[in-house]
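Here the structure of chain A is known, so what remains is to put chain B in place on it, guided by the hints.
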Amino acid sequence: MSVTPDKTIDCKGLSCPEPILRAKMGINELKSGQVLELIATDPGSINDMAAWSKRTGNPILESKQDGGVFHFLVKKS
Amino acid sequence: MADQKPKRIALIASKGSLDMAYPPLILATTAVAMDMEAGIFFTFYGLDIVNKHKYQNLKVAPLANPAAPMPIPNIIGVLPGMTMMATAMMNNWMGKANVASISTLLDNCRKFGVRMIACQMTMDVMGVKKEDLIEGVEVGGAATYLDYAVDANISLFV
Numbered sequence: 048m049s050v051t052p053d054k055t056i057d058c059k060g061l062s063c064p065e066p067i068l069r070a071k072m073g074i075n076e077l078k079s080g081q082v083l084e085l086i087a088t089d090p091g092s093i094n095d096m097a098a099w100s101k102r103t104g105n106p107i108l109e110s111k112q113d114g115g116v117f118h119f120l121v122k123k124s
Numbered sequence: 020m021a022d023q024k025p026k027r028i029a030l031i032a033s034k035g036s037l038d039m040a041y042p043p044l045i046l047a048t049t050a051v052a053m054d055m056e057a058g059i060f061f062t063f064y065g066l067d068i069v070n071k072h073k074y075q076n077l078k079v080a081p082l083a084n085p086a087a088p089m090p091i092p093n094i095i096g097v098l099p100g101m102t103m104m105a106t107a108m109m110n111n112w113m114g115k116a117n118v119a120s121i122s123t124l125l126d127n128c129r130k131f132g133v134r135m136i137a138c139q140m141t142m143d144v145m146g147v148k149k150e151d152l153i154e155g156v157e158v159g160g161a162a163t164y165l166d167y168a169v170d171a172n173i174s175l176f177v
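For the record, the sequence lines run as chains A and B.
Under the numbering used here, the first residue of the first sequence is numbered 48, with each subsequent residue one higher.
Under the numbering used here, the first residue of the second sequence is numbered 20, with each subsequent residue one higher.
Just chain B, same shape as in the assembly:
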């Protein structure tokens, strides 16, 4: 095998809904399994994915999502309880398809050495402290992400 710098993927996770939490975690862990380096920068709502009080309760809303597998008219989607129902449905489908839970994916990220960076600015804006973050997450800003991403072969914004 040629001795060359490993390929790198840099991801930005900016969304905190259940459906949008999966892509960065799955891509990062798969990349490391393929002998690449992976790093995820959690910013804005994406910070919830690494917030120990939030990551197990990520939700998805049926509202204004015409691509939802179970299309629910928006006028129904605004009703209380609909988000909870949509979240339960999604969790159910994920479970049936044997997709790992967010919790398991985060464990895998740690186990496989995915670099996880929490956005300092988002933490300040939303009042999140280092103690609120799960294990294995470092804190940084845009410069930290950019420094990592400039050497990345793949850079994705989720």
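This is chain A alone, in the form it adopts within the complex:
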């Protein structure tokens, strides 16, 4: 199951808290129902994105790891 994102944010190489800040800024630019893709290399981003998703109510549709790169698909609720 792969959804085409409406917006992609590349946070490779960025450390906490940048990926989360960019996730927030990115999701703000989307309309409800649209999907944001966030790519990160920060290992903490798995837990961070889960926590962010829970707090902001934007569900993570898909979370996968490809080597040291993490891909998150988040839907704006």
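What the hints contain is simulated information worked out from the structure, not anything from laboratory work.
The model shown is predicted, which means the values in this text are computed figures rather than measured ones.
There may be inaccurate statements among the hints.
[As the list claims (entries may be wrong)] Restraint-style ranges between C-beta atoms, simulated for each label pair: (1) Met-103/B - Lys-101/A: 42 to 48 Å; (2) Gly-146/B - Lys-78/A: 49 to 55 Å; (3) Glu-76/A - Asp-126/B: 16 to 22 Å; (4) Met-104/B - Lys-59/A: 30 to 36 Å; (5) Lys-26/B - Lys-59/A: 27 to 33 Å.
A virtual CB, placed ideally from N, CA and C, is assigned to each residue, including glycine.
For chain B alone, kept in the frame of chain A given last:
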């Protein structure tokens, strides 16, 4: 999403060394990114973080810090130049790990609407004027902080 009051974090930043400037700024910006409210009360040495003449030159001393990644014997740590070296090392590590600079973190605080309050008493004691503060900082006292913090879910003293 349920309509309820947003969670709030109230931070006190009382330290002015480079290593202690990061936690309040990072926590506050991350909190706002998680749809929480955040406020930082800069007091005592923490006021340097929002002092336009100081925030870009925060330092960290190797002296008496047994947890420093590069342990330097105190007897060496007292020598002139050691603080500068420790600061340069820390800035270097932060840069390599791609951690945002203090400057960038402060910009993010402003951009994300973190409430920043400078302690009036500290300003009086250290002779700091409103013009010396960076943009986006209001001035208040303990009561201002307490009023903000009493409704906070998380209150931290750094």
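Results for each hint:
At roughly 43 Å, the beta carbons of Met-103/B and Lys-101/A sit within the given window of 42 to 48 Å. Take Gly-146/B and Lys-78/A: their Cβ atoms lie about 51 Å apart, and the range 49 to 55 Å holds. A hinted range of 16 to 22 Å holds for the C-beta pair Glu-76/A and Asp-126/B, which are about 19 Å apart. The beta-carbon spacing between Met-104/B and Lys-59/A, approximately 31 Å, falls within the hinted interval of 30 to 36 Å.
In this structure, Lys-26/B and Lys-59/A meet the distance hint of 27 to 33 Å, their C-beta atoms being roughly 30 Å apart.
Against the hints set out earlier in the document, no violation occurs for any number.
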